[in-house]
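4 protein chains.
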Amino acid sequence: MSFSLPTYHPPDFTTAKLAAAPLTRFARVQRDGVAPPDYHATSIFPEYLHLAPGDWRLLTDSRMDCVVRRGEKGALEVVEFRRLRCGDRVALGRHEDGSDGIYVHTSGFRFAEQRPEKFAFRTLTTRESSFSFDYDELSTLLEHEREAGFVLWVLGPALAFDRDARAAFVRLVRNGYVQGLLAGNALPTHDLEAALYGTALGREIYRKRPVAGGHYKHLDALNTLRELGSIEAAVKRGLVGEGIVHALVEKEIPYVFAGSIRDDGPLPEVVADAYAAQDTMRALARRATTVICLATQLHTIATGNMAPSYKVLADGAVRPVFFYSVDMSEFAAQKLINRGSLTTRAILTNVQDFVVTLERGLKARDQGPGS
Amino acid sequence: MSFSLPTYHPPDFTTAKLAAAPLTRFARVQRDGVAPPDYHATSIFPEYLHLAPGDWRLLTDSRMDCVVRRGEKGALEVVEFRRLRCGDRVALGRHEDGSDGIYVHTSGFRFAEQRPEKFAFRTLTTRESSFSFDYDELSTLLEHEREAGFVLWVLGPALAFDRDARAAFVRLVRNGYVQGLLAGNALPTHDLEAALYGTALGREIYRKRPVAGGHYKHLDALNTLRELGSIEAAVKRGLVGEGIVHALVEKEIPYVFAGSIRDDGPLPEVVADAYAAQDTMRALARRATTVICLATQLHTIATGNMAPSYKVLADGAVRPVFFYSVDMSEFAAQKLINRGSLTTRAILTNVQDFVVTLERGLKARDQGPGS
Amino acid sequence: MSFSLPTYHPPDFTTAKLAAAPLTRFARVQRDGVAPPDYHATSIFPEYLHLAPGDWRLLTDSRMDCVVRRGEKGALEVVEFRRLRCGDRVALGRHEDGSDGIYVHTSGFRFAEQRPEKFAFRTLTTRESSFSFDYDELSTLLEHEREAGFVLWVLGPALAFDRDARAAFVRLVRNGYVQGLLAGNALPTHDLEAALYGTALGREIYRKRPVAGGHYKHLDALNTLRELGSIEAAVKRGLVGEGIVHALVEKEIPYVFAGSIRDDGPLPEVVADAYAAQDTMRALARRATTVICLATQLHTIATGNMAPSYKVLADGAVRPVFFYSVDMSEFAAQKLINRGSLTTRAILTNVQDFVVTLERGLKARDQGPGS
Amino acid sequence: MSFSLPTYHPPDFTTAKLAAAPLTRFARVQRDGVAPPDYHATSIFPEYLHLAPGDWRLLTDSRMDCVVRRGEKGALEVVEFRRLRCGDRVALGRHEDGSDGIYVHTSGFRFAEQRPEKFAFRTLTTRESSFSFDYDELSTLLEHEREAGFVLWVLGPALAFDRDARAAFVRLVRNGYVQGLLAGNALPTHDLEAALYGTALGREIYRKRPVAGGHYKHLDALNTLRELGSIEAAVKRGLVGEGIVHALVEKEIPYVFAGSIRDDGPLPEVVADAYAAQDTMRALARRATTVICLATQLHTIATGNMAPSYKVLADGAVRPVFFYSVDMSEFAAQKLINRGSLTTRAILTNVQDFVVTLERGLKARDQGPGS
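As given, the protein sequences belong to chains A, B, C and D, one line each in that order. When you line the first sequence up against our numbering, it's residues 1 to 371, in that order. When you line the second sequence up against our numbering, it's residues 1 to 371, in that order. When you line the third sequence up against our numbering, it's residues 1 to 371, in that order. When you line the fourth sequence up against our numbering, it's residues 1 to 371, in that order.
Honestly, I wouldn't trust all of these hints.
[What the hints assert, rightly or not] Here are the computed lysine-lysine pairs in the DSSO-like style, where the Cα-Cα straight-line distance is at most 27 angstroms: (1) 363/B <-> 251/B; (2) 251/C <-> 363/C; (3) 236/D <-> 251/D; (4) 236/C <-> 363/B; (5) 251/D <-> 363/D; (6) 335/A <-> 335/B; (7) 236/D <-> 363/A; (8) 251/B <-> 236/B; (9) 236/C <-> 251/C; (10) 335/C <-> 335/D; (11) 236/A <-> 251/A; (12) 335/A <-> 251/A; (13) 335/A <-> 335/C; (14) 236/D <-> 335/B.
Hints listed in this document are in silico derivations from the structure and should not be mistaken for laboratory results. For clarity, every value in this text was computed on a predicted model and none was experimentally measured.
Work out the full structure: start from the sequences and follow the hints.
And the structure:
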């Protein structure tokens, strides 16, 4: 199975309707954090603003449910409402067909015939769907991304509780399939608990036997890390010698750990402010060409909000951003699917098995047909 | 069905073992936010510290996974690790049987025979469990709490999407069954969307027909509230005339809306910093005598961490804190049950139906046997 | 909220394509239970066979995945493959647009504008959908069906485990909202356990306290009923004085209890042969105008297979058959929704609450606006 | 990881209480299929009947919720109520401690210390549990069983929908890890659909593209098999050349396909009568030393009812019967766990991944440490 990105077909702005479209209107922000009436809100799709006759400008680094700010020199920036400042110029208009000078392009990518049924029947993905093809498709995609893309992983804590899944993820990091990672406080905490004490929530990580004082283990991990001041210090001093977080530090993979009200500790690196966390998460999300979310509803939806369905590359080319949501529950996995993008996939399974199986597939591909 | 609180039976400190127990040891904090080695971590159960021979002091306002700080005049405070400051004196010891001068009392409450099976068989609560008794038990409990307790509700956004559930919850507020409320940004946002536009996520809240520009509705609600500066302003100016948030303002019920990385907007009242949010949430949680969590894993677990299984009343009496988790999934509902407290209940159902059914039961009781 | 059935619009057989369509072909069965090559299989939609020029005959009593047998006098019968006999004439053709003399009419019903979004967005029904409207819609539907239709209920055992749900269902039976019932062995067994011993799976049905020898209760119920020889005998002799089964017998509501490999006992009435059970179930299903399935995947899918989306009334009028699936899991509830019929609804909740809430709504309507 | 079966420790019948226990009482059946009053019902545990002073007889081939029939020569047989005949002698007594001459031995097996936590904390198995150890434990168990046991697989249809899972299961059959198989009509139907047409429910089994006339594919498979008269005929004539069913026929592995009311067709081999199906299923179940159930609630519970927690081997030795339930939902997986046997395990994942991962682990073990 070889891989090729679907090609992007820009809108035809020479059609009568679009050629006759008005220019995009803008209005000034009157109060910090508040958009002017009739503001335009962005979607996950490529959007074009009509800035001068015949000059339709594609938004870069877009995301859902934001507004478009026009900079001094005409540069367009997609920003969260909370980041608006008095005097900013914000795009107006709620029609997406060009009649407000804004065109939302929902059908830019032509996918190979591999998934015509998605159009035809919109059949739901459930636990009874076949996923062999998805594993293979994702493998070929990741091989491509390793060279030419940016794979952002979004992890719930479950991955840290299982020996084989942890080991498989570490190999993914080492072999170049992880360019960035988003998580909360729990994933690194339990991964560090495993690295420091060999336990997960107070049980041996492999045999699951409870250890003495087990319910202290994750608190001890947090307390130790807080004392050392940083994960990097713990790695450099040799206290943390294996695991997911260790691999990230070793390979200098950027990560963001966003704080939440559930947290103990927290770890020193955790970003306490939800919106500061959004900003740092989005700094990674805007680089992403593929996003893979494992068993975390909070972080999956947060990242889904930040990740548009396309990316404008340095050379101006437009490519899709793929978004995978892996979860045990249709309810959770379908939340993102419901956004309607063809670049979104749900895989219904336990993330432990998902990571182990995916990594084995990648390894087999690496070793070639003789393996 | 009448109601009586289970009585609390303190430990017998005259037993040989406890009488001979050492005094609690304390050590100084050497670095802000870091507990000294061998720190003692708290549980959800009543805990006693042996401060002077025969003087066992019960922790008040306790919570799970914290440390005990001894104040100048011997006062004991249960604090999060992150709140420790250099020089603070922190209790040490990891044995819970008194041998470290700390006694954790897991069996203080004698429940009436109503739930002996919990001990006998530990049968799981599942969707096939019968819940008629739980509804009635909760009704009698809430009648009691309305006079003598503090009922804290923890709400996911689902409640705001349904007309009847919203109306039922508003009646609960008006009739005195709600003393405090915890939620994220989504619950008030969608409740305000309903109050302002009659929609839920862009559809008519009752008939579910999509309205024009539906996907702008929640953004418009957020933008409007941000412009007005506060929910209270929106209520006072008459823009928000009904709904959950309106009822809270009208009845002056305290609430905390904690920010998260999923948020759009956010609303002006939302607390951005996760740990500042924890502090304000805990200020309500420590007043709670009953906690009812509806369809929110994040806030349920966060509140569960903050809510111990007991409360020391003003007169020194000790009573249980009841904790209800209502969810559609055994996985979510059982997370809290797994803590092992007898004061915790799971109810497996849709929270819309739960609120409607509970409120009807309370109303029928109010109207008396003739109704 | 008043109610009116959507009107049925037959196909226009005068269009050029249909006017020129060939007659339906038929072939003889060569072996019992085996359809001839190129057989036509039925769907849930109205289907017309072209028997003579201009004579398009609508199938009555249709169901999914069956074949069409032509009787001696031209009568058409939709039959299961297993019921075919040597020499039977079976309709051929796999095109549904008339080109094989068969026309499948998927858009015959014009629904009021109440659910246009189903076409527009195909938004999934999940646990977070609002259901107030669905309860009201179903109430108005049931009021109509009580006079003019046939409401078939399909019950999993969960309903028998809860006091309030049982009582509410009994009132539904007594008040005329139940015309037929399908279930397995477990529903009547546990309902009879409750009637005989006041227990559910060996616990008090209301207070859930385990009783002595609890695990014998359902076996004793089965053994007692097997000794008496029939449920009717148990009711007539006064041993069974309340409950779901009692109400069915009292009101002479027809029921089918289909056996399965899970069964203990079984009860005397249970049909052991799966296909004989299908036949008796279908005899009820073909009378149904509304089907309501509660928390049973096996029986819901089985009944869904037997229930087409329309019914030809005695006077030749065509009306829709409504199909409700109530379950806690999107996976289960959506199985039927996936069939694509507009007459199918999923409600995500606990069936205990569903029955209690629905019955209260119907009662309130019965008592009129003053209640 | 090496493997050793836990040893069985019979009860000590020389204790005062058991030595003084009365003999088991028996009573005659008065009516076919009806047990006499005070009948004893069996459990999943080893049970001993006191037939003569000091002669405690262990039940062989036991199962839950049955009665004990005493044959002419004193032989004891555990039979379903429905199989009782007038005049049969049935054991009486509802106490399990010997006081009725019946002793139920719940703690006969001494497990290595690998799972002490099961006793200590009764922690629930959920989707967040670690399963690396369970995979390895099961691998070592299956290696042992291949030589010395009988592994019975119980399959839902999901396995037949996925290319890699089907292939992995075929390898399990070929490599000797499958001694018997239980399923319904759907599993073989969709496996044969795949073998005949390369589709699963009308889509290409690997790429999931819909094929023309896709909804006829499973009906065509059924019709073809019904014409041929048997699966074996289809294999022998070369029409079915691969897949699960093909591997079973090829390796002469016994299977039972039990009919249900959901069935289309059915296939010729399917047993229509639920209780005849129980009898043939139990004939396999009584040979089983390990049972592995994949994603089928109906068949899992049915088989669980038939499979006791122990087996008496030909030489009189007693060994445990292991029971694995693999499912995506805690609700389903925990149903069996709730029986309380230490020999029962739940694994929460997608069965596709489970089979692929298990088979890879077994293959790696086969190839030895150098692989």
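Hints versus structure:
no.: 1; hint: 363/B <-> 251/B; result: holds, 19 angstroms
no.: 2; hint: 251/C <-> 363/C; result: holds, 19 angstroms
no.: 3; hint: 236/D <-> 251/D; result: holds, 13 angstroms
no.: 4; hint: 236/C <-> 363/B; result: violated, 39 angstroms
no.: 5; hint: 251/D <-> 363/D; result: holds, 19 angstroms
no.: 6; hint: 335/A <-> 335/B; result: holds, 22 angstroms
no.: 7; hint: 236/D <-> 363/A; result: violated, 39 angstroms
no.: 8; hint: 251/B <-> 236/B; result: holds, 13 angstroms
no.: 9; hint: 236/C <-> 251/C; result: holds, 13 angstroms
no.: 10; hint: 335/C <-> 335/D; result: holds, 22 angstroms
no.: 11; hint: 236/A <-> 251/A; result: holds, 13 angstroms
no.: 12; hint: 335/A <-> 251/A; result: violated, 32 angstroms
no.: 13; hint: 335/A <-> 335/C; result: holds, 18 angstroms
no.: 14; hint: 236/D <-> 335/B; result: violated, 53 angstroms
Comparing the model with each numbered hint stated earlier shows that hints 4, 7, 12, 14 do not hold.
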